[in-house]
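Undergrad: So the chains spell out like this:
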Amino acid sequence: MAVPKRKMSRSNTRSRRANWKTTATVLTTCPQCKAPTQPHVACPSCGTYKGRHYDAAERTEHQG
Amino acid sequence: MPTPTKGPRLGGGPAHERLILANLATSLFENDSITTTEAKAKRLRPLAERLITFAKRGDLHARRRVMTVVRDKGVVHRLFTEIAPDMAERPGGYTRITKIGARKGDNAPMAVIELVREPIAKKATVKEAEAATKRAAKDAKKAEKPAKDEEVVEVEVEQTEATEAAEAAAELPQGAVAANEDGSSPDDAYTVKGNMNSMKYHEPDGQWFEQTVAEVWFQSAEDAEAAGFTKAGA
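Read top to bottom, the protein sequences are chains A and B. So for the first sequence, full-length UniProt numbering puts the first residue at 1; every next one is plus one. So for the second sequence, full-length UniProt numbering puts the first residue at 1; every next one is plus one.
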């Protein structure tokens, strides 16, 4: 099995990890309740999508 | 080489995958709408639509083909006698997947997959044509009115803009008429709906026109804009 020949320096490790980035979630405004929502997803605050209502979409107190 | 199945593999093996999909299809036809993960919903859609096509055919052979997937006779009966007649006019697209955000716990993207059982909506082109004929009728009516009348309206509109800037809540904007009690237009000439709460107006071919309950009605989009209303969705 191939194994590393040398210990990887802290500097190399950290410069590799420095490139792990996160991106902000794209948000739009719900046309029904004006709350911020993700595009193409039913609104988590009022549960509507394109004029239809989905109970399962509404965020409960157990969810974040 | 056979074409691989589209979408992610489910379960621990081919037999497990078949069972998962069969159970999902059974639940879907039993309850009309189920909440599941996006991946499962996307795998279920082609299977469920194929089964509905069999149900629309409706003969014994088709029923036996469906019974190989959905093993519950009661559910198959419901599919053939209740669901299939609703789908008779629909040329495919029997199911609808709506994403509903991630599940707590494993953050899996969830979706609602449902049977589209409502009657088919009129085609957009038909709606457009109807709106065009309405507009033509309205223009003809306008032309009949003397030009002098319009000038007076314009002056009044300017005044309203000034007063609106001072106090936002004007009782009834110029160029508008109050709606009937059921929200319908008091006059055929008034075809643009106005919402006093949101200060937006809806033209007859607008996306939200049907669902909006109008408080006031305008003769045209220009009148509504002059009264301080903005176009919905703009």
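Heads up, a few of these hints could be off.
[To be verified] From chain A, some residues computed to sit far from chain B (all C-beta separations above 10 Å):
id, residue
1, 13
2, 17
3, 24
4, 26
5, 28
6, 40
7, 52
8, 59
[What the hints assert, rightly or not] To give a feel for the contact side, a few chain B residues facing chain A, derived at Cβ under 10 Å:
id, residue
9, 31
10, 96
11, 98
12, 100
13, 101
14, 104
15, 109
16, 110
17, 112
18, 215
19, 219
20, 230
21, 231
22, 232
In short, the hints are calculated from the structure, not lab data. Computed from a predicted model, the values in this text were never measured in an experiment. Yeah, the Cβ is synthetic: ideal placement off N, Cα and C, and Gly gets one too.
Undergrad: Going through the numbered hints above, which ones does this structure break? Give me the numbers in ascending order.
TA: 6, 7, 8, 9, 18, 19, 20 and 21
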